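Residue numbers (our numbering), protein chains in the order written: chain B, 1 to 264; chain Z, 1 to 391.
Accuracy of the hints is not assured; some may be wrong.
[Said to hold, decoys possible] Pulled a few chain Z residues facing chain B out of the computed Cβ check, cut under 8 angstroms: (1) H104; (2) S114; (3) G296; (4) F366; (5) V368.
Keep in mind that the hints were calculated from the coordinates and are not lab data. These numbers come from a predicted model, not from an experiment. For each residue, glycine too, the CB sits at the ideal point set by N, CA and C.
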Amino acid sequence: MQNRGFKKGLAVFWWLTLIFLYAPLLVVMVFSFNAINTSARWGGFSLRWYERLLNNDVVISAIGHTLLLAVISSIIAVILGAMIGYGLYRHRARRLGLLIVLIYLPIVMPDIVFGIADMAFFVQINRLTGLLSPGLSTMVIAHVTFQIPFVALIVYSRFVGLDATLFDAAKDLYASPWQRMLHFILPTLKPALLSAFFLSFTLSVDDFVISFFTAGPESATLPIYIWGAIRRGISPEINAIATLMIASVALVAVVSLLFNRRRA
Amino acid sequence: MAERSPTAAPDGPFQHRDSTQGANAGAAREASSINLKGIRKEYPGGVVALESVDLDIRAGEFFTLLGPSGCGKTTLLRMLAGLDEPSAGTLSIGGVDVTDTPPHKRSVNTVFQSYALFPHLSVRDNIAFGLKMRGMARSEREQKVVEIAEFIKLGSLVDRRVDQLSGGQRQRIALARALICEPDVLLLDEPLSALDAGLRSQLQVELLRTQKRLGMTFVFVTHDQEEAMVMSDRIAVLSDGIIQQIGTPQEVYERPANLFVARFMGHDNLFSISAREGMTVQTPIGALETEDHNEGKVALIRPETLELTSPGAPSVEPGKQLNTLMCRVVERFYRGSNVEYRLSHQSGEQHSELIAEISNTGERLFRVGDEVKVEIYPEDVIMLSDDEEGA
Numbered sequence: 001m002q003n004r005g006f007k008k009g010l011a012v013f014w015w016l017t018l019i020f021l022y023a024p025l026l027v028v029m030v031f032s033f034n035a036i037n038t039s040a041r042w043g044g045f046s047l048r049w050y051e052r053l054l055n056n057d058v059v060i061s062a063i064g065h066t067l068l069l070a071v072i073s074s075i076i077a078v079i080l081g082a083m084i085g086y087g088l089y090r091h092r093a094r095r096l097g098l099l100i101v102l103i104y105l106p107i108v109m110p111d112i113v114f115g116i117a118d119m120a121f122f123v124q125i126n127r128l129t130g131l132l133s134p135g136l137s138t139m140v141i142a143h144v145t146f147q148i149p150f151v152a153l154i155v156y157s158r159f160v161g162l163d164a165t166l167f168d169a170a171k172d173l174y175a176s177p178w179q180r181m182l183h184f185i186l187p188t189l190k191p192a193l194l195s196a197f198f199l200s201f202t203l204s205v206d207d208f209v210i211s212f213f214t215a216g217p218e219s220a221t222l223p224i225y226i227w228g229a230i231r232r233g234i235s236p237e238i239n240a241i242a243t244l245m246i247a248s249v250a251l252v253a254v255v256s257l258l259f260n261r262r263r264a
Numbered sequence: 001m002a003e004r005s006p007t008a009a010p011d012g013p014f015q016h017r018d019s020t021q022g023a024n025a026g027a028a029r030e031a032s033s034i035n036l037k038g039i040r041k042e043y044p045g046g047v048v049a050l051e052s053v054d055l056d057i058r059a060g061e062f063f064t065l066l067g068p069s070g071c072g073k074t075t076l077l078r079m080l081a082g083l084d085e086p087s088a089g090t091l092s093i094g095g096v097d098v099t100d101t102p103p104h105k106r107s108v109n110t111v112f113q114s115y116a117l118f119p120h121l122s123v124r125d126n127i128a129f130g131l132k133m134r135g136m137a138r139s140e141r142e143q144k145v146v147e148i149a150e151f152i153k154l155g156s157l158v159d160r161r162v163d164q165l166s167g168g169q170r171q172r173i174a175l176a177r178a179l180i181c182e183p184d185v186l187l188l189d190e191p192l193s194a195l196d197a198g199l200r201s202q203l204q205v206e207l208l209r210t211q212k213r214l215g216m217t218f219v220f221v222t223h224d225q226e227e228a229m230v231m232s233d234r235i236a237v238l239s240d241g242i243i244q245q246i247g248t249p250q251e252v253y254e255r256p257a258n259l260f261v262a263r264f265m266g267h268d269n270l271f272s273i274s275a276r277e278g279m280t281v282q283t284p285i286g287a288l289e290t291e292d293h294n295e296g297k298v299a300l301i302r303p304e305t306l307e308l309t310s311p312g313a314p315s316v317e318p319g320k321q322l323n324t325l326m327c328r329v330v331e332r333f334y335r336g337s338n339v340e341y342r343l344s345h346q347s348g349e350q351h352s353e354l355i356a357e358i359s360n361t362g363e364r365l366f367r368v369g370d371e372v373k374v375e376i377y378p379e380d381v382i383m384l385s386d387d388e389e390g391a
């Protein structure tokens, strides 16, 4: 019947979607290798923009800030988020309605609201105590706050998918509370914690809005640098930075996918 | 493998930790008794799972907690493991009060219904988990795993991954994981209920032989009365958090304490008693002679105790006064070793149905529509109290 035509139509739709999603990225990546200083036409292959990037100290330090912020905030978020996820699981029998909403809220809240709120909060703290002047520390705290819900939900769903009797079995087999943590809960959670870390890492590298409101003069990350640079026009150098970011995020995504697949 | 030195020999898999004698595996165990006094469990919200349970389980006994779901049998088992705390009452194992002892400090192990094998560990590490938690050295643990694998005939299963095991194999690994710890008491929470019938009866036999060989106290939970009868030295029948009867399988089956137990053991032919005079009771199938001196509201006549003959035939035991009634065959179910007849009985306006189970001795079978003479020995008319609720 029309079934074949329908399937063909679906395939076309699928490819159109992919093109729609990835064509802009492809353009950026191609023009990062452009020999001339424009994104309007192709002037031959060249690595000069990458060379210039490597010699740009501001860019190098922005990359450093980005990675440092992503690693530190992800580690903290995984630890705190895992504790929340475990708590949610342990008390799942109670009515957790409001608590669940409070956990979900940062996920749906617009970044700009969070960014402005964080900034205002840190300014107040700084005014009163002299602590938390804008810089890496405020950015870490801000990033951790938006990473935690994702970690908590990943850990919680891992626990929910687990046979609850396993907790009893560990107790029954002489494991003390600490041994249960070390020999049962942590090893069981390992794949979930790794996925949570990779997700937090990507979210952090990805973030511009919240970073923008909480950064200090010395702690600009790559997205902030790009935003600043772009006001002077889109240069092929920006294309090169973007290409590097796409590559690294893709790498992290693939690695976390492989971890998930091995677990399944 | 290196030859074991004589001093290492006493470390057999099933030698009790406290025992100082180096006897062979299984022989030197000193089994533990279990005593429960006034055990009560009430959940927040007022749901009572157990109502003041008193129970003494003997050392070395295969003891079964039998009852429908929600009767409290699993709660009771979890209390023995320490996974649930009683709201009131005391619990001692081997004469030691363990009411407030946390589960990881009790010498009790459980085979869970879902088996609860750790997915992040190999089969070998699953089996050795309890020993590792107790701080046993790796080389010693490995030796123990080899011994238990031989004892339960696990063969190459120990080298597999948990997700490569079938249900029956998981069950045996779970058993090995519990037994390797040489607990005072082994608890089994419906360990066979997830298996198909053939495998199930095979593992029943294996489990029973293992228990007899070890002489360890086993507490078994099931809702299957046949399984309970096959396995147990004694059975406690539970309903609504109350122990209805404790006894050997024969006692519970042949002399159920009340209507609930009789129904749960699968008995048919229950007739309400309208009046009693001496040893004669009035029932819907007429007046019946009994030898049961107990007062009761219901008469039970187990289907396999009925004697069926043709209407004109002489009594099966002419010297004895038997209850005799005439019935008609309504249905016949041929089961090979026995034949079940559904009989209808008319007593005035009163119509009743009886079930007779006759062992198949090769004699002529009755046909549907045949009139038959039913004879019932007075000692087979059993009085039951009607103290059950609901059911």
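Okay, the hints, checked on the actual structure:
no.: 1; hint: H104; result: 5 angstroms, holds
no.: 2; hint: S114; result: 5 angstroms, holds
no.: 3; hint: G296; result: 42 angstroms, violated
no.: 4; hint: F366; result: 51 angstroms, violated
no.: 5; hint: V368; result: 50 angstroms, violated
Hint compliance for this structure: hints 3, 4, 5 are broken, all remaining hints hold.
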